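Quick note, the sequences are listed as chains A and B, same order.
Going by our numbering, the first sequence opens with residue -3, and the numbers climb by one from there.
Going by our numbering, the second sequence opens with residue 683, and the numbers climb by one from there.
The hints are all genuine.
To give an idea of the chain B side of the interface with chain A (calculated C-beta under 8 Å), a few residues:
{"#": "1", "residue": "F783"}
{"#": "2", "residue": "I977"}
{"#": "3", "residue": "P980"}
It is worth saying that the hints were derived from the structure and are not from the lab.
Fair warning: this is a prediction, and the values are worked out from it, not measured in the lab.
Each residue gets a CB set at the ideal place from its N, CA and C atoms; glycine is no exception.
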Amino acid sequence: MIGERHVNLAVLAGLVIVPLWALWADEIFTITLTTRAVILALAAVGLNIALGIGGMVSFGHAVFFGLGGYAMGILAFHAQSYTPLQFGPLSLAGTKSMQVIWLVAMVTSALAAWVIGLLSLRTTGVYFIMITLAFGQMFFYFAISWGSYGGEDGLSIYVRNGFPGLNTLVPIQFFWLCLVALCVALVVQWRLRTSPFGLTLNAVRQTPQRVETVGLNPRKHKLVAFVISGAITGLAGALFADLNRFVSPTMFSWQLSGELIILIIIGGVGRLMGPVIGAAIFVALEHWLGGLTDFWHIWLGVILICIVLFGRGGVIGLLTGKEGPHV
Amino acid sequence: MSSILIIEQVLNGLQFGVMLFLMAAGLTLIFGVMGLINLAHGSLYMVGAFAAAWVAGATGSFLLALVAALAAAAAAGALVEIVVIRRLYKAAHLDQVLATFALILIFSEGTRWVFGSFPLFLDIPDYLSGPVTLPGGIQYPFYRLVLIGIGFAVALGLWWLTAKTRIGIQIRAGENDREMIAALGVDISKLYTLVFALGAALAGLAGALVGAIQSVQVGMGEPVLILAFVVIVIGGIGSIRGAFIGALLVGLTDTLGGVFLPELFKLFMETTTATQTGSALASMAVYILMSIVLIWRPSGLFGARA
Chain A
-3 MIGERHVNLA VLAGLVIVPL WALWADEIFT ITLTTRAVIL ALAAVGLNIA LGIGGMVSFG
57 HAVFFGLGGY AMGILAFHAQ SYTPLQFGPL SLAGTKSMQV IWLVAMVTSA LAAWVIGLLS
117 LRTTGVYFIM ITLAFGQMFF YFAISWGSYG GEDGLSIYVR NGFPGLNTLV PIQFFWLCLV
177 ALCVALVVQW RLRTSPFGLT LNAVRQTPQR VETVGLNPRK HKLVAFVISG AITGLAGALF
237 ADLNRFVSPT MFSWQLSGEL IILIIIGGVG RLMGPVIGAA IFVALEHWLG GLTDFWHIWL
297 GVILICIVLF GRGGVIGLLT GKEGPHV
Chain B
683 MSSILIIEQV LNGLQFGVML FLMAAGLTLI FGVMGLINLA HGSLYMVGAF AAAWVAGATG
743 SFLLALVAAL AAAAAAGALV EIVVIRRLYK AAHLDQVLAT FALILIFSEG TRWVFGSFPL
803 FLDIPDYLSG PVTLPGGIQY PFYRLVLIGI GFAVALGLWW LTAKTRIGIQ IRAGENDREM
863 IAALGVDISK LYTLVFALGA ALAGLAGALV GAIQSVQVGM GEPVLILAFV VIVIGGIGSI
923 RGAFIGALLV GLTDTLGGVF LPELFKLFME TTTATQTGSA LASMAVYILM SIVLIWRPSG
983 LFGARA
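With these hints in hand, go ahead and build the complete structure from the sequences.
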């Protein structure tokens, strides 16, 4: 059996080596594919904070992913069409600056997570799963029926947004940017788990009654974790939109929420690197199986059922021989 | 706004509501008895619709098509229960969500593989098509009235089944204490398969009936599935009565909201903005309704367990 630390280091090394190899071999598409995996991993790191540490099975994390995407889409759309954004009497100019877009994406997602969390965390278990799913649909239908930003067709952005000192149009430079964002999020996740807050959250997942008896408020801890989780997934959404230079209501779709959960389960629930391994495997499967057959989802389904029935603890569980936390 | 339009839309809402009930009843029964959250319920709806469309295309008989839908969905349900679902009853909700999500992928892509990506069509038979004149001179499609009738009949039948029959007593006992009823000599795993197949058959019936007014295509089950979730969350998970009332509420809110909210906004807004705001809000109305119910009653209208 291999120690989890070694697995983690190997994954990080892989994230650096693969794109460097791709750069050397001039395989630009591999860089794009790796960027996709890194961004999905970032979104899943966000979800892992809610799901893995906090035990909140959110089936609506696409809300934050989509909000991040639309934050990018709307701001860049106003910048490229030179029209101001109107908030009643307030008029704001759009922007092509990534830092501003990221900030807006994270704040919007955090706000949405706060409202959704406030309502959904009144419930637990299956109710929570279904309610978060329903909120996801609510945003999905809203995005479809909201005609001024493309409605069902989505929004295309012609040029990728800029970051000072980088040429984001060069795939490898954009990749490094995404990788740094992922590493920051991983550090946040790691620090969170070992902090007093994270330990309490861990206890809330296992026995909320006991935490309450000690005089702490379980729901408040969960809400804070949910907000942090939403903000990180929102950032991933903004990056994902920038990668594709396109946003559409599918970023809000419930399939996407499901896929984010899948990433975490494949890698290992509640593990530091679980989301990263899951995203890497998912993108690889999507590319490889998708090239073999048009019906690759059937095989994905079969693999998933096998993981649920036989492979507890995901890939990291398999490698380290430990099952990991229960949700 | 005429009263005829209002009555028509209320009937449309009822029709939508009872079809949601057919879906929600199975979901809530399966959750109530086995404690399982089944995302693949929408796939059984799709299986019913495809079976009906295929049989109707081959034989030309709508009745045979309905029978085929019931049989195919029940068979698919029983098969899935025996092969996969049975192993999930004791698993965490997360595992159930994931495994049934995987089943959706398999069902959807499998259907696409067999039938292709193009929608199939199921025609309403002659003896059920055409409008009827209701008291008050309202012309209304006969088929939709039949759907409302079937929905209410199924609701009555389910009430009879759970309240008056031996099977119903076993089902209710299974909800309360599965060890006890197993100790009393009831084959609990057979009962579970039966309940699952019953829920699946209801979903398949709904798929076939709705398939005749919409097109039959891959992915048709999931939007209905999610609305059915909203229904049982509103009604209280595990309660058939709750599912019925929740379904009617959701059906009416969705239908009436879509028609009247834009009109309402036109009273104090210019037409284009009013249409846009109204329809955007209408698409969210059901979920807003759900949030309100949950703030008021976190375990739904008739829910006992959370």
